[in-house]
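Using the sequences and the accompanying hints, generate a full structural model.
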Amino acid sequence: MKSSALAAKFWLHWPTLNGNLLVGLTLALVTLPQAVAFSVTLAGVPPHFGIYAAIWGVLFCSLLNPSRVFHGGPNTAMSATIGVTLLPVAPPFGAEYMGYALTLALMAGMIQLLFFIVRPLGRMLDLISEPVINGMICGIGFFLIFRSLTTFGGLPLNTEVEWPLWIAWQSFLAVLEIGNLHAIEVGLITLIACVVVQQFDRLRNWAILFGIAAGTLYSQYLNARLGPQDTLIEQIGNLSSIGFVFPSLPSFNQEAMPDIIAILPGALTLALLGLFQTVAALRRMNRKIGGFTDSRKAIFSDAVSNCLLPFLSSLPTCASFNRMWLVHKLGNHSRIAIASSALWLLLLVLFLADLIAVIPMPAMAGIIMLLGANMINWEDIKPHLQSRPEAMVFAASFLSVLFLDLFGAVLVGSVLAIAYSKWEQAHPNISLQGNVLKIRGNLYYGSLPVIESTYHSAIARVDDVIVDFSECYYIDPEGIRWLAAVQAGTRVPFADPRRGPTRRDHERAAPPERRGGAGRRTRPRRGRPDRRRRSDF
Amino acid sequence: MSTLTAKLAKIVLLVLASGGLYLLATHQHGQRESIRQAAVALTPDCAEKLGRYGLASGEHYQSPYVLQRTGARITARGYSDEDVRVIQRGCNIVDDTQGHLAGDADRERWNTTRFIRGTHLSCDHCHQSIGDKQDAGGNPMKGSLNLGASWAMADMYDRFTGLLLPFELRQMQCYINSSNGYKPNIADDVIRDVTAYSRFLSVALDYRIGNHHDEQGVDEIPASATPKQGDDHVRGEALYKQKCAHCHGPQAFGLEADGRVVAPALAGPNSWNMQSRNYFYYVSTILPGFICRNMPPGQENTLPNEECRDIAYYISNLPRPAGDRQGPLVALRQQMLMKVLPPLLRLTETVRNGEAPVERESGHDR
Amino acid sequence: MNPPAPPEGDAPVERNREQPASSTRIKTLAKVGLVAGFVIWAHLGSGVEAFRSGVSSEPGWKKFSADYEIEHFGKDGQFVRAVQNGYNLVFHTHKYASRFTRKTALDRANSCGSCHTAEDLAYAFVNSDRFDPRLGMRVSFEDRVRRCYAGPMDGFAPTIYDPAVRDIRLFARAVAHHLQLGEGALRRKD
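Residue numbers (the numbering used here), protein chains in the order written: chain A, 1 to 537; chain B, 538 to 903; chain C, 904 to 1093.
These are computed hints drawn from the structure, not numbers from a lab.
Note that beta-carbon positions come from the ideal geometry of N, C-alpha and C, so glycine has one too.
Honestly, I wouldn't trust all of these hints.
Stated by the list, open to error - Below, a list of computed lysine-lysine pairs in the DSSO-like style, where the Cα atoms sit at most 27 Å apart:
1. A/Lys288 <-> A/Lys438
2. C/Lys930 <-> A/Lys9
3. B/Lys780 <-> B/Lys765
4. B/Lys679 <-> B/Lys544
5. B/Lys765 <-> B/Lys778
6. A/Lys297 <-> C/Lys934
7. A/Lys382 <-> A/Lys438
8. A/Lys297 <-> C/Lys930
9. C/Lys965 <-> C/Lys978
10. B/Lys679 <-> A/Lys382
11. B/Lys765 <-> B/Lys679
12. A/Lys9 <-> C/Lys965
13. A/Lys329 <-> B/Lys544
14. A/Lys329 <-> B/Lys765
15. B/Lys765 <-> A/Lys382
16. A/Lys329 <-> A/Lys288
Stated by the list, open to error - Partial pick of chain C residues on the chain A-facing surface, computed with a CB cut under 7 Å:
17. Ser925
18. Ile929
19. Leu932
20. Gly936
21. Phe954
22. Thr1062
To be verified - Label-pair restraints from in silico Cβ distances:
23. B/Leu550 <-> A/Leu352: 28 to 38 Å
24. B/Asp643 <-> A/Leu385: 37 to 47 Å
25. B/Ala546 <-> A/Leu203: 34 to 44 Å
26. C/Gly948 <-> A/Met257: 24 to 34 Å
27. A/Pro265 <-> B/Asp643: 30 to 40 Å
28. C/Ala1008 <-> A/Glu379: 46 to 56 Å
29. A/Tyr473 <-> B/Leu553: 29 to 39 Å
30. B/Ala546 <-> A/Pro265: 19 to 29 Å
31. A/Phe351 <-> B/Tyr818: 29 to 39 Å
32. C/Asp1010 <-> A/Phe351: 45 to 55 Å
See below:
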């Protein structure tokens, strides 16, 4: 019978299914406090935004992304960007602010879609090297710590304040001098509980939950003893009116135009930060577990999700390396686990709304500070300090997050990344062995200044220099013009033409069927890497 | 075992640090409370003003000013001792923001110097007579930035920030305009005390909520209020040298005597920054309006509108600090300009005029 | 440095994809369609009203606006909208500040308006920021509103700048203007 066959199949797969569900539950429990904290402390939107990001965002990403390790979800840097961008525009938590947050997320999603549609743009994301990303992550870690200070102390945020780094000191002093002492107590207890539990390896994943539980218990005790009117500790608030789904419309009308135009740079920052983190997280994941996922697919799933999530009252999402690593360590690489985490979260929120309501904000702020501190990871920083160019790029990226705003930091990071890659190319290996000037690397307009200066000092020093460029794998027209000028002017001989097969000879000799179907070029264009043969290498 | 010791050490360190921070916080809170409870030493001008308005604790408050001018007895809610102290502190902050007249500037002025660039800026340079400027007949003057009238018409939409600005955030604007990058938290006593003083002024002068009064804010002067001979900063320079330089200094760095500011800096590191609405390039109507209605002290409303615009334009061309909005590069540029231009210009101008170099005036070495 | 020699003969090159490109594309489009369809269902078919960032109009606002001359501040505009939001918050608290109150439509005293009239709030506004001997400190209007949310509304304290607090202050200010209250105005015991 069909039903018994189905039942048999179900029970056959039950252990795996059970495992997936457990992993999903773990993931849900880990993600819930993060989602709430990010939306409330960093983004300035009510908690259901983060929760829906952790439910629908994760579901959409796991559906659209074929990678089995990908886990999207709310993200610190993106939430912080939303908060920083919108703080001058509207008072946080209000309806107007929420509308702008949705518009910001939608614009970011559309920019990400542009990065998917225009291939070279997406390809440029691969140029964002590790030092740039790690520098930004470290900077954002500090940023998270400083930004949570006022919420930690139960103080209002300074609206109308731009983000210079040094406001953090004033916030710290303000917390010491006028902060709500009860809030500070709750925050400190949360922090201590988190750190204590983190020291036990088996309970590391649950540290945040323990911390929140400790903070909530203490704040409930205070409220019971002194009354919530007197402690005035802010809490998450009543979520019971938030159901299964909460459709929303981003604000987009004439009267909102000045503000929407003002937040466009923020949308670009949001889009870029999301893409950087997704690409970098996937790259790290691939490195660690040895698989391969095309980052373009990740960009696609990110872009489509972020275009649709603003219509479901949700924060934008991007890949989270920490959560992906958690899933990997739990021994599971199944999309069912990740999708089930979203469903578990939905159930948790629907049934535990009353419990979530009383979680105090200072505890959330403490969690954010801890997450920020965890982002400043010496193990990740150390490798970059060993090579000077990497160290400089890392330092520049890190400092730009601290001293410029996030938009400036993203711009500096992008420029640095491209400059870094170009710097490598523009410095070929040139050596003078006897009277042979050997050039290894690229012979193009960018490297010519270095080559020419070495060449001229060589011909000054040595008679009858021979130029050997047989190991140059890329020569552009400017390089050819220089070579021709060298030939014509000083009559310096070149090394013998290459003997033996070279890559280009192979390409020209390859049979037509290998070239990937009708309509494609049969001869590769000079200077461009040959896409057809990528899979051969 | 060593990892266990390391972990224990980490936990103990964290607990100690948290405990230490908490104790420090409690101590600082206690300090603040003791300052709130301490008797307030009024500045001479504040003592005179608050005495004139009859500020005292009691069950009711009746404004002597209103009684004297209209004969009406308006009874308002009285102030407790703490309220009186708060208003007194607020008056002190407006009158002497930097605490030059205070025994312990940090304690008595809630550390305002943390938030203000330089040593000159004080609220009452613009909000003259401690926010309540009156003419010889005791009438509030138009465009005199009356604080009580500001409270009456507060919480309105502000087009520059694009927000509805509660009174407290409006005060924050002043810190933004002058600031060195630091701002007080909105719940800070500094803000609350000045709010309390403004509210007291509004009851002393009998302003009703939501009513407009001419003395509120600045009486802005657009170009249409002038003969439209062009806002000429060169003409402005000549006017400045003739009418303003003897108080504000030849390069507008202000004048100090006996540690007190006689005339504040209009340019340079002690002055307002490029994000202020006094900056002609940002808003061209506010500084001219201020100059015409409030300057020179004692001879208000004597300058024609065109001259006010010219002088304001000239002043805005003098080097001043950058605001937060301008970003770090412009800030660096402005710092360099403020350091380099004054001595250079002094040199070139004296060479041009063939005079001996002018005495260095105070305040520009900061 | 030289690339490896290509495989001999016509052996097909291994590819990652097992299916032809068009089928993958169709699958992807189907997934996108599914997701987009879900979003559209959420808006149109789920029965939940979509969130919009504007201020919704409650019955009674027009009359209130006329009675209290809110148009003095303009027919529309940021301030007037904030006052309208304040009106919604004061008289329909459980609906507009649902995050900060546990009261529902079924509770008897479920809004500020259940205990306070608009005049009460206006007088409270002009008499705020004073020392409260029972609490031993000065309490601002915002703090009073927060205490109300936390206590009598059986809810949670919002932050000071939250519109759930700010708009009540603006509402009180607009009513205070209509009543021509000055700072510290005392209620006449008529």
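These are the hints, each one checked on the structure:
1. A/Lys288 <-> A/Lys438: 38 Å, violated
2. C/Lys930 <-> A/Lys9: 25 Å, holds
3. B/Lys780 <-> B/Lys765: 21 Å, holds
4. B/Lys679 <-> B/Lys544: Since the Cα atoms of lysine 679 of chain B and lysine 544 of chain B sit roughly 68 Å apart, the hinted pair is violated (cutoff 27 Å).
5. B/Lys765 <-> B/Lys778: Cα-Cα ~22 Å, so holds.
6. A/Lys297 <-> C/Lys934: Between lysine 297 of chain A and lysine 934 of chain C the Cα gap is close to 13 Å, so the pair holds against 27 Å.
7. A/Lys382 <-> A/Lys438: Roughly 35 Å separates the two Cα atoms, so the pair is violated.
8. A/Lys297 <-> C/Lys930: 13 Å, holds
9. C/Lys965 <-> C/Lys978: 11 Å, holds
10. B/Lys679 <-> A/Lys382: Not OK: lysine 679 of chain B and lysine 382 of chain A at ~64 Å, beyond 27 Å, violated.
11. B/Lys765 <-> B/Lys679: Between lysine 765 of chain B and lysine 679 of chain B the Cα gap is close to 23 Å, so the pair holds against 27 Å.
12. A/Lys9 <-> C/Lys965: 64 Å, violated
13. A/Lys329 <-> B/Lys544: Holds. Lysine 329 of chain A to lysine 544 of chain B sits at ~23 Å (cutoff 27 Å).
14. A/Lys329 <-> B/Lys765: 75 Å, violated
15. B/Lys765 <-> A/Lys382: Between lysine 765 of chain B and lysine 382 of chain A the Cα gap is close to 65 Å, so the pair fails against 27 Å, i.e. violated.
16. A/Lys329 <-> A/Lys288: Given pair lysine 329 of chain A, lysine 288 of chain A holds - Cα atoms ~11 Å apart, limit 27 Å.
17. Ser925: Status violated, d = 13 Å.
18. Ile929: Where the cut-off is 7 Å and the nearest Cβ of chain A is about 14 Å from isoleucine 929 of chain C, the hint is violated.
19. Leu932: Nearest chain A Cβ about 11 Å off; hint violated.
20. Gly936: With Cβ-Cβ at 11 Å, over 7 Å, it is violated.
21. Phe954: 4 Å, holds
22. Thr1062: This hint holds: threonine 1062 of chain C lies near chain A, its Cβ roughly 6 Å from the closest one there, short of 7 Å.
23. B/Leu550 <-> A/Leu352: 28 to 38 Å: 35 Å, holds
24. B/Asp643 <-> A/Leu385: 37 to 47 Å: Roughly 41 Å apart at Cβ, these two residues keep to the hinted range, so it holds.
25. B/Ala546 <-> A/Leu203: 34 to 44 Å: The hint (34 to 44 Å, Cβ to Cβ) is violated, given that alanine 546 of chain B and leucine 203 of chain A are roughly 19 Å apart.
26. C/Gly948 <-> A/Met257: 24 to 34 Å: 31 Å, holds
27. A/Pro265 <-> B/Asp643: 30 to 40 Å: This hint holds: roughly 39 Å between Cβ atoms.
28. C/Ala1008 <-> A/Glu379: 46 to 56 Å: 54 Å, holds
29. A/Tyr473 <-> B/Leu553: 29 to 39 Å: 60 Å, violated
30. B/Ala546 <-> A/Pro265: 19 to 29 Å: Violated, since alanine 546 of chain B and proline 265 of chain A (Cβ atoms, about 45 Å apart) do not stay within the stated range.
31. A/Phe351 <-> B/Tyr818: 29 to 39 Å: With a Cβ separation near 59 Å, phenylalanine 351 of chain A and tyrosine 818 of chain B fall outside 29 to 39 Å, so the hint is violated.
32. C/Asp1010 <-> A/Phe351: 45 to 55 Å: Check failed, 22 Å falls outside 45 to 55 Å.
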